[in-house]
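Colleague: What follows is the residue order along each chain.
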Amino acid sequence: MRDLLRILSRFWRASLAAELEYRVNFVFSTLNAALGLVLGLFALSLFFQNGHAFDGWSFDASLVVYGLFTTFSGISSVLFVPNLSRVVEHVDKGTMDFVLLKPVDSQLFVSTRNFSPWGLPDIALGLGVIGYAARRLDVDPGHVPAALLAALLSLIILYSLWFALASTSIWFVKVYNATEVLRGLLDAGRLPIAAYPAGYRVFFTYVVPVAFLTSVPADVLRGADATSWLAIEVVVAVLAFGLSRAFWRLSLRSYTSASS
Amino acid sequence: MIVEADGLCKTFRVADKAPGFAATVRHLVRRRTKDVHAVRDVSFALEAGEVVGFLGENGAGKTTTLKMLTGLVKPSAGRATVVGHTPFARRRDFLSAITLVMGNKQQLVWDLPAGDSFRIHAAVYRLDDRDVQRRVTELSEMLDITDKLTTPVRKLSLGERMKLELVASLLHQPKVLFLDEPTLGLDVNAQQTIRAFIRDYNAQHGATVLLTSHYMADITALTERVVVLHQGGLVYDGSLSSLVSSFVTTRQVVIKLRTPVDGADLAGLGAVDFHGPAELKLRVERDALQPTLAQILERLPVVDLTVTAPPVEDTIGHILKTGQSSKRVDA
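Top line first, the protein sequences correspond to chains P and F. Just add 100 to the spot in the first sequence (first one is 1) and you have our numbering. Just add 27 to the spot in the second sequence (first one is 1) and you have our numbering.
Careful: at least some of the hints might be erroneous.
Said to hold, decoys possible - Straight-line Cα separation of at most 25 angstroms, BS3-like style, residue types lysine-lysine; simulated pairs:
id: 1; chain 1: P; residue 1: Lys-193; chain 2: F; residue 2: Lys-44
id: 2; chain 1: F; residue 1: Lys-132; chain 2: P; residue 2: Lys-193
id: 3; chain 1: F; residue 1: Lys-132; chain 2: F; residue 2: Lys-101
id: 4; chain 1: F; residue 1: Lys-348; chain 2: F; residue 2: Lys-308
id: 5; chain 1: F; residue 1: Lys-61; chain 2: F; residue 2: Lys-348
id: 6; chain 1: F; residue 1: Lys-101; chain 2: P; residue 2: Lys-193
id: 7; chain 1: F; residue 1: Lys-101; chain 2: P; residue 2: Lys-202
id: 8; chain 1: F; residue 1: Lys-132; chain 2: P; residue 2: Lys-202
id: 9; chain 1: P; residue 1: Lys-202; chain 2: F; residue 2: Lys-202
id: 10; chain 1: P; residue 1: Lys-193; chain 2: F; residue 2: Lys-182
id: 11; chain 1: F; residue 1: Lys-61; chain 2: P; residue 2: Lys-193
What the hints assert, rightly or not - Just some of the chain P residues that point at chain F, by a computed CB distance under 7 angstroms:
id: 12; residue: Asp-103
id: 13; residue: Ile-107
id: 14; residue: Arg-110
id: 15; residue: Ala-118
id: 16; residue: Glu-121
id: 17; residue: Gly-194
id: 18; residue: Thr-195
id: 19; residue: Phe-198
id: 20; residue: Leu-200
id: 21; residue: Val-204
Because the hints were derived from the structure by calculation, they are not lab data. Backbone N, C-alpha and C fix where the C-beta goes; we use that ideal spot for every residue, glycine too.
With the hints as constraints, model all of the structure from the sequences given.
Modeller: Right under this line is the structure:
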């Protein structure tokens, strides 16, 4: 464990040092995050004009979903995007060799090597929105630990999906676009699952469990009866993570490394 | 034996696509592939502390063999054993005991000074920071690069980067060094420094080195023994000098002339490699050397005359191209 922390702290410090060479980025990413949030909230409020509401979801409850979405996309920008797009680059350029030669778990290495601070404003704003909505919903503090667990499981699922997709680059080499497809799909997590027509709901729950990722933690937080969903999420998270590992190992067997 | 390759084979399935737009469209819809036998049935072994040159043309299978020995690529058939491990299992003990340096790929963080990359290596290899510091000092002194440790990597020259890559690759004191074209694209001075470094490092640490290079000077300066691949198969394993001497049945005769001579004067004196007004280069069969030299001295206005074996580069180049060598050498 101490070794792991030492590795992570060295990884992230080096990434930060490299990123901070471009300090102006911070201003832009903060502006970008704030602007995105304002527009997103405005779009969300449009759904609730004229007393309209999603089935079982008030505006404030939907705000929790939106806050979770913003936080998750922030975490994606901080860790998932910079690392997993690097996997594609490693395969493309053959520098995956260096990763595989290191005496650490290669999945851990490629998943954590980079850290981009530019998603931090999203995380801060997202958490702010969740806090604000939770106060207005008068959330029972007793629900918070279970909601945190649900959010963690969602992150594991999100990571596993992303990682499995990045692993396919070992076979198909340039899948830069595939990660964009997933990012597009994740946008579905902006709204509560109830906002979608029945067919979409099935798709976003069972095929690409994205809407599910934000709706379940939000349900748990506001105390809606979500025990069975939480149980399902535990199973999905364990399965997804296990599969992402198996998938990585499988794909490495086909790794041929770009030639000299 | 610290490194053992036993019947190693690697077959790649690669896309088979004709050029042109129509072929590209066809290829998009229906992929045709063909099998390429990059390495076939290669066996050799290295003893601890040996420095061995690994020779072959581009595409002869050197890099693929190195990748199988370092656990990057899974052999299609055969077995590899390195420091007692099967490479592809990539056990921690194995990875901590080897290193692979590739002249065409780099791992130092581009935007940061090399020192930051070294700190990451220290954590990844679970090394003590003080030990690492000592080693960085030692290695960078050997490579004459101490003043570049704090400069961002992107601002360094190719040679400086390569030296720092070597430092990074050796921080964990590997027992076996796989060096794939470590001097690629470097100027003569940098090549010499790296060559001297590899020699000193081997002498001081007793590390085993398997080295590929397209610069024969690297090979002749560092290795006694060479392993030669041709089209994926092993064609020679033995000493460099006997490879060259047994292959070479001719001698080069360089003659300085007082006055120019005609082409007709050279009839029967061997093959003419160069014919200038003041200099001649002839290739003469070793067995015919004595009578031919007598003829030359008699017929030509000779100022000076030297007899040498042809340059090693030419000989090796010929061997690599034809794959011809093993039978002659074993005899």
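Colleague: Against the structure shown, which of the earlier numbered hints fail to hold, in ascending order?
Modeller: none
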